[in-house]
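A.B. asks: Residue numbers (my numbering), protein chains in the order written: chain A, 33 to 146; chain B, 16 to 131.
Treat the hints as calculated values from the structure; they're not laboratory data.
The beta carbon of each residue, even a glycine, is placed where N, CA and C say it ideally should be.
Wrong hints could be hidden among the right ones.
[Stated by the list, open to error] Far from chain B by the CB rule (all over 10 angstroms, computed), these chain A residues: (1) T34; (2) N39; (3) I44; (4) G48; (5) Q73; (6) E100.
[What the hints assert, rightly or not] No more than 27 angstroms apart at the CA atoms, straight line, and that leaves these computed lysine-lysine pairs for DSS-like: (7) A/K43 with B/K53; (8) B/K85 with B/K53; (9) A/K103 with A/K89; (10) B/K18 with B/K85; (11) A/K46 with A/K103; (12) B/K53 with B/K18; (13) A/K89 with B/K53; (14) A/K89 with B/K18; (15) A/K43 with A/K103.
[Stated by the list, open to error] Simulated DEER-style distance windows between Cβ atoms: (16) A/Q112 with B/E30: 46 to 54 angstroms; (17) B/E30 with A/S105: 38 to 46 angstroms; (18) A/R113 with B/D70: 23 to 31 angstroms; (19) B/N73 with A/K89: 32 to 40 angstroms; (20) A/Q116 with B/N73: 39 to 47 angstroms; (21) A/L71 with B/V28: 21 to 29 angstroms; (22) B/Q98 with A/R113: 45 to 53 angstroms; (23) A/D95 with B/E30: 30 to 38 angstroms.
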Amino acid sequence: DTGVSQNPRHKITKRGQNVTFRCDPISEHNRLYWYRQTLGQGPEFLTYFQNEAQLEKSRLLSDRFSAERPKGSFSTLEIQRTEQGDSAMYLCASSPGTGVTEAFFGQGTRLTVV
Amino acid sequence: AQKVTQAQTEISVVEKEDVTLDCVYETRDTTYYLFWYKQPPSGELVFLIRRNSFDEQNEISGRYSWNFQKSTSSFNFTITASQVVDSAVYFCALGGLSGGSYIPTFGRGTSLIVHP
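Please model the entire structure based on the sequences and the hints provided.
C.D. replies: Structure follows, in structure tokens:
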């Protein structure tokens with residue numbers, strides 16, 4: 033499978049715990065995006081990487097959220113001290129680094145905070 | 016600020032009917048991109064089409080067609096002879112240049128239900 037891969041697919045955690053999600057983009061895609069989607073809503077942009085550089089961050093990305101892409105390949109999204117409002121689907125997407133192309137999305141990680 | 020409005024929350028049709036999904040956008044950029052994505056029940060967003068702001072030509076791909084009208088800031092999507100497999104949530108998105116990439120801003124989506 034050469035698509036965008038996200039792990040885990042589902043995560044249930046207790047409020048206050050830290051969680052980390054992983055995204056493996058399509059090979060050779062330089063751009064990587066994180067989005068959050070809640071029920072009945074469209075995906076909301078969180079952050080964007082060009083290779084290992086984090087170039088854009090949404091104001092939705094509070095201090096409890098941090099994303100990394102250390103070698104310009106896979107990326108991780110960590111949420112510290114989770115709250116019930118963090119329950120959502122977290123989507124990762126990637127696109128080639130040249131020109132304007134569409135973003136290809138993974139199947140997402142569904143987070144439930146209890 | 017960029018904004019995408021999909022006023023239709025849910026549309027229900029019977030198979031073989033034609034259906035149009037509306038998308039209205041707001042942007043101050045002169046160069047931007049518009050996208051449509053499909054999200055089936057499995058959850059993965061599937062890319063359907065990309066259009067740049069300088070290309071107002073309508074496009075047809077099989078049963079799908081798109082009507083881009085810059086004058087009304089609309090990018091509507093029509094499915095002809097709908098099928099049950101078309102049942103999904105459809106998202107319109109607007110990509111404005113930020114950080115060297117056209118990062119899509121999504122609308123809230125329109126849920127299409129096609130009944131047999």
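A.B. asks: For each hint, tell me whether it holds in the structure or not.
C.D. replies: The hints, checked one at a time:
1. Annotated as non-interface, A/T34 keeps its C-beta farther than 10 angstroms from every C-beta of chain B; the closest such distance is 14 angstroms.
2. Listed as outside the interface, A/N39 is consistent with that label: its C-beta sits roughly 14 angstroms from the nearest C-beta of chain B, beyond the 10 angstroms cut-off.
3. Separation of A/I44 from chain B is adequate, the least Cβ-Cβ distance of about 17 angstroms exceeding the 10 angstroms criterion.
4. For A/G48, the condition that its CB be more than 10 angstroms from all CB atoms of chain B holds, with the nearest at approximately 27 angstroms.
5. A Cβ of chain B approaches the Cβ of A/Q73 within 10 angstroms, the least distance being about 6 angstroms, so the stated non-interface status is violated.
6. Non-interface call for A/E100 relative to chain B: holds, since the shortest CB-CB distance, roughly 16 angstroms, exceeds 10 angstroms.
7. Pair hint A/K43 plus B/K53 holds up; C-alpha atoms about 24 angstroms apart against a cutoff of 27 angstroms.
8. Restraint check for B/K85 and B/K53: satisfied, since their Cα atoms lie roughly 23 angstroms apart, inside the 27 angstroms limit.
9. A threshold of 27 angstroms between alpha carbons decides the hint, and for A/K103 with A/K89 the separation of about 19 angstroms falls inside it, so the pair holds.
10. Restraint check for B/K18 and B/K85: the C-alpha separation of about 15 angstroms stays at or below 27 angstroms, so the hint holds.
11. As the CA atoms of A/K46 and A/K103 are separated by approximately 31 angstroms, the hinted pair breaks the 27 angstroms bound.
12. For a cut-off of 27 angstroms, the pair hint linking B/K53 to B/K18 stands: about 19 angstroms separates their Cα positions.
13. Annotation: proposed proximity of A/K89 to B/K53 holds, straight-line Cα distance about 25 angstroms (limit 27 angstroms).
14. The straight-line distance between the Cα atoms of A/K89 and B/K18 is roughly 17 angstroms, inside the 27 angstroms bound, and the hint therefore holds.
15. For the proposed pair A/K43 and A/K103, the alpha carbon gap of about 25 angstroms is at most 27 angstroms, so the pair holds.
16. One distance hint, 46 to 54 angstroms for the beta-carbon pair A/Q112 and B/E30, holds here, with the actual separation near 48 angstroms.
17. In this structure, B/E30 and A/S105 meet the distance hint of 38 to 46 angstroms, their C-beta atoms being roughly 44 angstroms apart.
18. The supplied range of 23 to 31 angstroms is broken by A/R113 and B/D70, whose beta-carbon atoms lie about 46 angstroms from each other.
19. B/N73 and A/K89 have their C-beta atoms about 36 angstroms apart, which keeps the hinted 32 to 40 angstroms range intact.
20. As the Cβ distance of A/Q116 to B/N73 is approximately 45 angstroms, the hint placing it in 39 to 47 angstroms holds.
21. Between A/L71 and B/V28 the beta carbons are some 23 angstroms apart, a value that agrees with the proposed interval 21 to 29 angstroms.
22. Between B/Q98 and A/R113 the beta carbons are some 46 angstroms apart, a value that agrees with the proposed interval 45 to 53 angstroms.
23. Checking the proposed 30 to 38 angstroms range against A/D95 and B/E30 shows it is violated: the Cβ atoms sit about 50 angstroms from each other.
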